[in-house]
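Enquirer: Residue-level listing of the chains:
4 protein chains.
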Amino acid sequence: MSGNSFGQQFRITTAGESHGKANVVIIDGCPPGIALSEADLQPDLDRRRPGQSKVTTQRREPDTAKILSGVFEGKTTGTALAVMIENADQRSRDYGNIKDQYRPGHADYTYDAKYGFRDYRGGGRSSARETVARVAAGAVARKFLAEYGIEVVGYVRQIGDLIAEIEDPFQVTMDQVESNIVRCPDAACAEQMIERINQVRKEQDSIGGVAEIVAKNVPPGLGEPVFGKLKADLAQGMMSIPAVTAFEYGAGFAVATARGSENNDVFQMVGDRVVTEGNRHGGMLGGITSGMPILLRAAVKPTSSLSQPQPSINRRGEAVEVSTRGRHDPCLLPRFVPIGEAMVLLTLADHLLRWRGQCPDQFNTYYS
Amino acid sequence: MSGNSFGQQFRITTAGESHGKANVVIIDGCPPGIALSEADLQPDLDRRRPGQSKVTTQRREPDTAKILSGVFEGKTTGTALAVMIENADQRSRDYGNIKDQYRPGHADYTYDAKYGFRDYRGGGRSSARETVARVAAGAVARKFLAEYGIEVVGYVRQIGDLIAEIEDPFQVTMDQVESNIVRCPDAACAEQMIERINQVRKEQDSIGGVAEIVAKNVPPGLGEPVFGKLKADLAQGMMSIPAVTAFEYGAGFAVATARGSENNDVFQMVGDRVVTEGNRHGGMLGGITSGMPILLRAAVKPTSSLSQPQPSINRRGEAVEVSTRGRHDPCLLPRFVPIGEAMVLLTLADHLLRWRGQCPDQFNTYYS
Amino acid sequence: MSGNSFGQQFRITTAGESHGKANVVIIDGCPPGIALSEADLQPDLDRRRPGQSKVTTQRREPDTAKILSGVFEGKTTGTALAVMIENADQRSRDYGNIKDQYRPGHADYTYDAKYGFRDYRGGGRSSARETVARVAAGAVARKFLAEYGIEVVGYVRQIGDLIAEIEDPFQVTMDQVESNIVRCPDAACAEQMIERINQVRKEQDSIGGVAEIVAKNVPPGLGEPVFGKLKADLAQGMMSIPAVTAFEYGAGFAVATARGSENNDVFQMVGDRVVTEGNRHGGMLGGITSGMPILLRAAVKPTSSLSQPQPSINRRGEAVEVSTRGRHDPCLLPRFVPIGEAMVLLTLADHLLRWRGQCPDQFNTYYS
Amino acid sequence: MSGNSFGQQFRITTAGESHGKANVVIIDGCPPGIALSEADLQPDLDRRRPGQSKVTTQRREPDTAKILSGVFEGKTTGTALAVMIENADQRSRDYGNIKDQYRPGHADYTYDAKYGFRDYRGGGRSSARETVARVAAGAVARKFLAEYGIEVVGYVRQIGDLIAEIEDPFQVTMDQVESNIVRCPDAACAEQMIERINQVRKEQDSIGGVAEIVAKNVPPGLGEPVFGKLKADLAQGMMSIPAVTAFEYGAGFAVATARGSENNDVFQMVGDRVVTEGNRHGGMLGGITSGMPILLRAAVKPTSSLSQPQPSINRRGEAVEVSTRGRHDPCLLPRFVPIGEAMVLLTLADHLLRWRGQCPDQFNTYYS
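Protein chains in written order, with the working numbering: chain A, 595 to 962; chain B, 595 to 962; chain C, 595 to 962; chain D, 595 to 962.
Treat the hints with care, as some may be off.
A pair counts as met if it fits within one copy or between any two copies, since identical chains are not told apart.
What the hints assert, rightly or not - Only pairs whose alpha carbons sit at most 20 angstroms apart, straight line, appear in this in silico SDA-like list of lysine to any residue:
(1) K796 to R921
(2) K648 to P637
(3) K615 to T658
(4) K669 to D769
(5) K615 to N681
(6) K737 to Q636
(7) K660 to E680
Think of the hints as simulated: they come from the structure by calculation, not from any bench.
Note that the coordinates shown come from a computational prediction; the quantities given were computed from them, not determined experimentally.
From just these sequences and the hints, can you work out the full model?
Expert: Now the structure itself:
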């Protein structure tokens, strides 16, 4: 299978579960000569790390990346790059009834139905623990894309009914995002979000939200007809993240109520560059980048694990009450941001390589 | 590249553009022994066909499928199946200024940026003409899935601000859908939609909408961690369709305002089957089917081609006014339904094969 | 599945069988801007065509290529390119006992075992008829590679115990190869080969041989560790051709009796180019091209279809005598040459694109 | 890229080089429920291990496999399985001139040409060190295939001009192979081979050979038209191993001098099984298994590293003399056997899964 792989030219393959020895990612096709050390991976891993603030789970994992191969004298060699993040806590514990129970909203039942049994420790492969490998790979893509000035920044746009006011999504900086623990660039709204999360936690509940991700300085020409459209690959990447239930780019669902005359962005020249007046098309036309910044959004459901007891069944079909111990994120959004960014980074790196392989003249013209 | 391929085990590869000789699809991995003739492909092709009603474009293409290979004595052989749909109208026409103009909302500019030039006749490969090949392949998948009782039905949920009332999406039948020309099972709303489309057409404008697609009798166990989640592959499939700008399944974007305690569907037994009380999870948990029906939605933007003049630029960067002749769909939704269904059918066929290859015991237990 | 696909960046997918309507190939990833018309495909198709000379089968098929998509105004567009070759002769015939018999050396039994039944007309998908699609695609690759001066020439080295004397394989020209009907550049040996084939045909028998293929002006750097080594992909390509039973490159099996001290080719400079003194390494080291010409060989078994009666069994396990009517090639080698070349061309085109996508600096340096 | 991946359903991806921290393999698609522990991997790793006998290199690496993920309570979970083998010896050493020199027969120059620079420590990714990951994965495939009684046994057939006499390749047992340190089941010839290797080592030289690999109890039906023929995938697998220069199956190159009437194996019934009288077809017809045992051969070149000085050039094109220190295998064949077996095991596991996914009726009929 290649269910555990993503991308074609910049192709990652991951393995690892919640309580195995380690999570690992292999990157196949990374260009040679990119300066890379383990320190480059740490900032994004730290942004994703559990226990980073009072609005996240209080579990603690150091999440230190070890580069196993593919880097020599500080540079990528062009051969397969492997990164491992060991799981700090593999203690065998008493999982009690959990091993037989089907936690609501989780993949316990579906894994059993698919495979016949499951690694019940912390959700096994269905745990969001696996995203640590994506984030490590995304950090490599970030370094590569930086060579072309391409930047990807994500932030929390909405938690519950609290919606941040963002004057211009394309002006949001990483510093603004990182200036508060919910990663929302609207400082006032961020305060309310933090309060809301704390309240939800006290109520032994959880809450969902929406993240927005922007990619800037993307060249026109990325994406391939017809199934490899960039919007399709971005959608796959984002929707492959645990808890994501919806994806849109540009005007997204709002196109439903729009007329063509208002939805079409008008082309014009600014200097020698083709631009559009607005950006309802979210930076992609025909699934290929237009050179305008990319804008996308993903909805993240409220954490399924709750401290409050929930009714369910066990493997034998008997009614049970599920109570999960309380060290879960009451809201996934703050830690989701770097994961979402990683999938965007990986998708862009992949398509940049594909474009420059197939159409070097256009590539070279653009970057000359 | 494999930008023109979709799926792994039931894998399609398509080629063809608006004004080439033909569109063609190769299906690799279709199981042997499925009864199949060209007549089986026609109903879905007819549902997608231009000129089918007064709310669609008045262009006329017969869209007759020719099976080139892979069927013998009325049954699939298990070897590569190829289907060709010839383009009826390849007359060379005067494309006038179109060849140099960048039509707003279209891929003219992005194709030029990517490849250096483009086949400007009718949009070339970026034309929705290519979806004819997907629909033909989807009809093959439909026949295969029918052997397992799996059914896929789509319909129009919304056009502009007109939203159909659907009591239970999972009870909507193909007959209801096909009972009117907009493919909306709410008959009263359908009337309004038809009126709206006519009005929009008169205004030389276009309008967007939302389609909803349901899959029933889907076994639990389809989908693969972590990038091959069914929700991710469905998203890629749907988002790869021209004009689709958003995707959601189950509660979709509504999870943003939900608490975990309300969003989690409760497991229970009905007879010897595991079911959930509600279906906010849209039939997938951890990206793997739960055995509950699948529900998804896609937003489709208003047709970019408008009869009214629109400002734009040409290849040389000069300001121009674009007017496209009036035989375009004023609303894409009615013809979108079979295309959306096709992508769902293809995704399910693919994952059914993957599951029964990797986990035959679970597969056989379920279907015994 | 992707059993019907070959390559990654320059990726072909084929469909078609002996007696279906047509054979078709889709090329995904072909660079834009290559001058291409149907006339470009014909020379290689003619070299493969049945009925071309007295040493081949006397069946006649025009094998005319039709480009269905991907070419506009005489140039490839960069989007999916499809080529169709219709099967001239699809008359339904009386296949008599053939439909139940397992012809010795053929895939009748293995297809039945795999799929449960088979298209028995002319071997169905297992017929060498499918190679017509490869040759059409190979001709496209040839045009692309010509832009870089890369040339691929194959010829017959051996038929039975007749072994051509070739002073320097790297000097053999296409003209020499095409100067006789067995495609052997040793004119004297070619005469003997023709005589041998005629004799074999009279004896209602068939005979095997060895083809040799050379690729010149190949840049150093093609091929990827570790499974994507060029030698591995070439081997897959060649071994995927019907009737091929052995593959070797450079010294091939002769390395078994060699000492390292004699087998290692010595590096030296000629001008500013790195070359080796000999070329026992066949142009690849570590599975990556060295810049020296590539040399490979493939063994082709004697045609399995014989006019003389052969003992076998039928589907019911009963002993039968198989007699196939006499219009088969008594020796496959003359028509094999363009097919083998096609697989080499496709493999090189694929790896050239992969290299220039991943390592543009090295690519550009070499070709500057 | 997917140069570092092999297979489709049972798909491995590897990373790792000679002197990085570790070699790692991810297996995607391994069926659930296979009993597996690290101890299962060790026997094959030990057969490949350096320092195992006096005819191999005297370097010592423990080559202990660590399962990082995909196994729970002693069974495969069906999710991504990762295995890591740490590199014992990563000491930084003085590589002296080696870092600039192009060792004859090695990939030093081709890696430089491809990537612009290289990890020169021990050959980096081009080192046969990477095969440790293949062997670990092959051991997993071996456990899976054993459930179907499928067995793969390889042995050394030839070293230099010493050719073992093997009465019946299909009767050779693993015990016979492991009864001597060259892994040649002809005990008398084995003695001579050992002597020859010692002599070659004394002469500061190396020597090549041929390995033969047999697969028994393989069902008919494995392999896919047309590029996914089993013979093609086996060829790719074998040719992807470092130092392999030739591949053949069944009669191999000997078909060149054969007549069809002698080369065709005659079908007959033995009980209710279809068999052939001889097995010149090596167990595959039309690239699909016939149910007869598979037989293949690979030629392995003499080790390129020699203790004796060899002339070459360095990165600057200057003439140099290369002397590599003496801890290399004077003959690769004894350690090659488990590596070759691994590639056959992986190919068979992959195609078994593909077949049972696409054609479950045929699969179930055969194994009922």
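Enquirer: Output the indices of the hints that this structure fails to meet, ascending.
Expert: 4
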